[in-house]
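Enquirer: Protein chains in written order, with the working numbering: chain C, 1 to 251; chain U, 1 to 169.
Simulated from the structure, these hints should not be mistaken for lab results. Positions of the beta carbon are idealized from the N, C-alpha and C atoms, including for glycine. Check the hints yourself; a few may be wrong.
The calculated DSSO-like cross-link candidates involving lysine-lysine, where the alpha carbons are at most 30 Å apart (straight line), are [said to hold, decoys possible]:
1. U/LYS122 x C/LYS166
2. C/LYS130 x U/LYS45
3. C/LYS166 x U/LYS65
Calculated from the model, a selection of chain C residues having no Cβ within reach of chain U, i.e. all distances over 12 Å [said to hold, decoys possible]:
4. SER43
5. SER46
6. LYS93
7. ARG99
8. TYR148
9. LEU165
10. LEU169
11. ARG235
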Amino acid sequence: MKNAPDRQAAQPSRRGFLKGAAAVATTLVAPGIFLYQTGHAASGASDQVRWGLLIDSNALTEADVDACVTACQREHGWSVDSDSTTDAQWVRKVRLEDRESGHRIFLPMMCQHCESPPCVDVCPTGASFKRADGIVLVNKHICIGCRYCMMACPYKARSFIHEDLKDQLAVAPRGKGTVESCTLCVHRIDRDGTDAVPACAEAVNRGDRKAILFGDLNDANSEISRRLRELGGTRLRADMGLNPGVRYQGL
Amino acid sequence: MRVLTYLLRFTLLLSLMSLAPTGMLRAADVASSGFGEIAIPNPQKPANAEQCVEPVEVMRRDHMKFLDHQRDATVVNGERDSKYSLVGCIDCHNPAQPSAEVIRYEDPRHFCAECHAYASVKIDCFECHADRGLEKQQQSRLDPAVNGWDTRGSALTASTLRRRLESSQ
Numbered sequence: 001m002k003n004a005p006d007r008q009a010a011q012p013s014r015r016g017f018l019k020g021a022a023a024v025a026t027t028l029v030a031p032g033i034f035l036y037q038t039g040h041a042a043s044g045a046s047d048q049v050r051w052g053l054l055i056d057s058n059a060l061t062e063a064d065v066d067a068c069v070t071a072c073q074r075e076h077g078w079s080v081d082s083d084s085t086t087d088a089q090w091v092r093k094v095r096l097e098d099r100e101s102g103h104r105i106f107l108p109m110m111c112q113h114c115e116s117p118p119c120v121d122v123c124p125t126g127a128s129f130k131r132a133d134g135i136v137l138v139n140k141h142i143c144i145g146c147r148y149c150m151m152a153c154p155y156k157a158r159s160f161i162h163e164d165l166k167d168q169l170a171v172a173p174r175g176k177g178t179v180e181s182c183t184l185c186v187h188r189i190d191r192d193g194t195d196a197v198p199a200c201a202e203a204v205n206r207g208d209r210k211a212i213l214f215g216d217l218n219d220a221n222s223e224i225s226r227r228l229r230e231l232g233g234t235r236l237r238a239d240m241g242l243n244p245g246v247r248y249q250g251l
Numbered sequence: 001m002r003v004l005t006y007l008l009r010f011t012l013l014l015s016l017m018s019l020a021p022t023g024m025l026r027a028a029d030v031a032s033s034g035f036g037e038i039a040i041p042n043p044q045k046p047a048n049a050e051q052c053v054e055p056v057e058v059m060r061r062d063h064m065k066f067l068d069h070q071r072d073a074t075v076v077n078g079e080r081d082s083k084y085s086l087v088g089c090i091d092c093h094n095p096a097q098p099s100a101e102v103i104r105y106e107d108p109r110h111f112c113a114e115c116h117a118y119a120s121v122k123i124d125c126f127e128c129h130a131d132r133g134l135e136k137q138q139q140s141r142l143d144p145a146v147n148g149w150d151t152r153g154s155a156l157t158a159s160t161l162r163r164r165l166e167s168s169q
């Protein structure tokens with residue numbers, strides 16, 4: 001009985017709850033018909049935008065692509081041991097070589113953030129999902145680590161974490177038994193919006209020459225849309241009709 | 001009639017008197033049993049913080065509900081400006097230590113672990129999330145200037161500048 005006053009104090013005020021419930025905006029549509037709208041913060045992913053990347057391979061040297069990978073590792077705290085075949089790899093360096101002429105180009109390859117992502121189609125738990133703003137993510141709270149998405153992804157973008165991890169970064173929680181991939185630096189996007197610069201872009205962009213350009217594909221006036229309109233951009237494996245949010249120039 | 005009323009009152013008084021010592025006896029029983037030997041956890045409040053995001057009584061009961069709700073809002077909808085944030089809990093309740101000592105969740109002195117061990121609660125938050133605050137240097141991982149790595153002239157955005165100004169104050 002000694003604890004009784006404490007327990008009572010622990011009850012959140014019922015009146016406060018009712019007050020909160022009453023603070024719901026109502027709109028009269030027609031006599032007797034109301035539209036109810038609960039107050040919703042303006043923050044969070046908007047379905048008005050679709051984030052994408054435009055990667056100009058002409059502006060990227062091999063060292064630049066290495067810098068992309070390193071920047072992503074630093075940002076999210078993943079790494080690849082030279083002798084490991086199972087370590088996570090959010091972004092990898094791809095070399096395209098024309099055997100006849102010997103011409104080489106280097107690309108960073110990461111999750112392409114498809115409009116119709118096959119990884120989302122196959123996920124049995126709904127952990128693999130596309131956010132309202134087009135970013136394809138893994139909700140690791142409900143990922144069971146079945147790795148169907150890894151098999152479904154034609155870009156080999158996803159990795160599975162096989163080992164216990166320690167000292168993960170606050171911006172990139174990662175743990176054994178879940179699948180992960182490029183998040184398009186979603187923590188930066190949620191913080192900076194259109195001003196956001198993903199870590200890989202930050203590592204290679206020099207002044208106005210943006211080898212990796214981040215922007216809103218839905219906004220016709222954004223720099224990424226303008227450059228795509230003027231110079232075009234390649235969707236990797238466009239034949240599959242996935243409409244990736246990451247586009248390449250100079251392939 | 002009057003006699004009957006007196007009798008009733010007397011019986012009532014007797015029964016009350018007989019109950020009182022029983023109650024006292026019970027209290028004494030509890031005090032002498034083994035319960036006193038289990039140390040009730042008393043996690044220390046952060047030294048530099050005045051008030052948690054909710055009153056202590058609410059946090060004791062409902063912190064897991066706040067966190068559970070917020071994790072979905074953050075992961076699925078990208079809502080990151082809520083006052084309920086696991087990173088916020090850790091930054092305040094298990095900040096980076098000035099010494100080299102790192103208190104992890106496995107350590108019974110960890111703020112979360114103190115009560116969870118007592119209440120036999122098993123959580124898996126810290127299999128993925130950081131269980132201790134990060135040093136300033138690590139926290140500013142997002143800021144290339146603090147990190148000291150070469151951004152090769154990438155544009156300084158207005159929001160970055162604003163944040164830097166705020167953090168330097």
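Enquirer: If a hint holds in the structure, say so; if it doesn't, say that too.
Expert: Verification of the supplied hints:
1. U/LYS122 x C/LYS166: Distance of about 18 Å is within 30 Å: holds.
2. C/LYS130 x U/LYS45: Violated, at roughly 39 Å.
3. C/LYS166 x U/LYS65: Holds. C/LYS166 to U/LYS65 sits at ~25 Å (cutoff 30 Å).
4. SER43: At about 5 Å from chain U, C/SER43 fails to clear the 12 Å cut-off, so the statement is violated.
5. SER46: violated (9 Å)
6. LYS93: Holds, since 18 Å exceeds 12 Å.
7. ARG99: For C/ARG99, whose nearest Cβ neighbour in chain U is about 32 Å away, the distance exceeds 12 Å, so it holds.
8. TYR148: The claim stands: C/TYR148 keeps its Cβ more than 12 Å from every Cβ of chain U (closest is about 19 Å).
9. LEU165: violated (8 Å)
10. LEU169: violated (7 Å)
11. ARG235: holds (25 Å)
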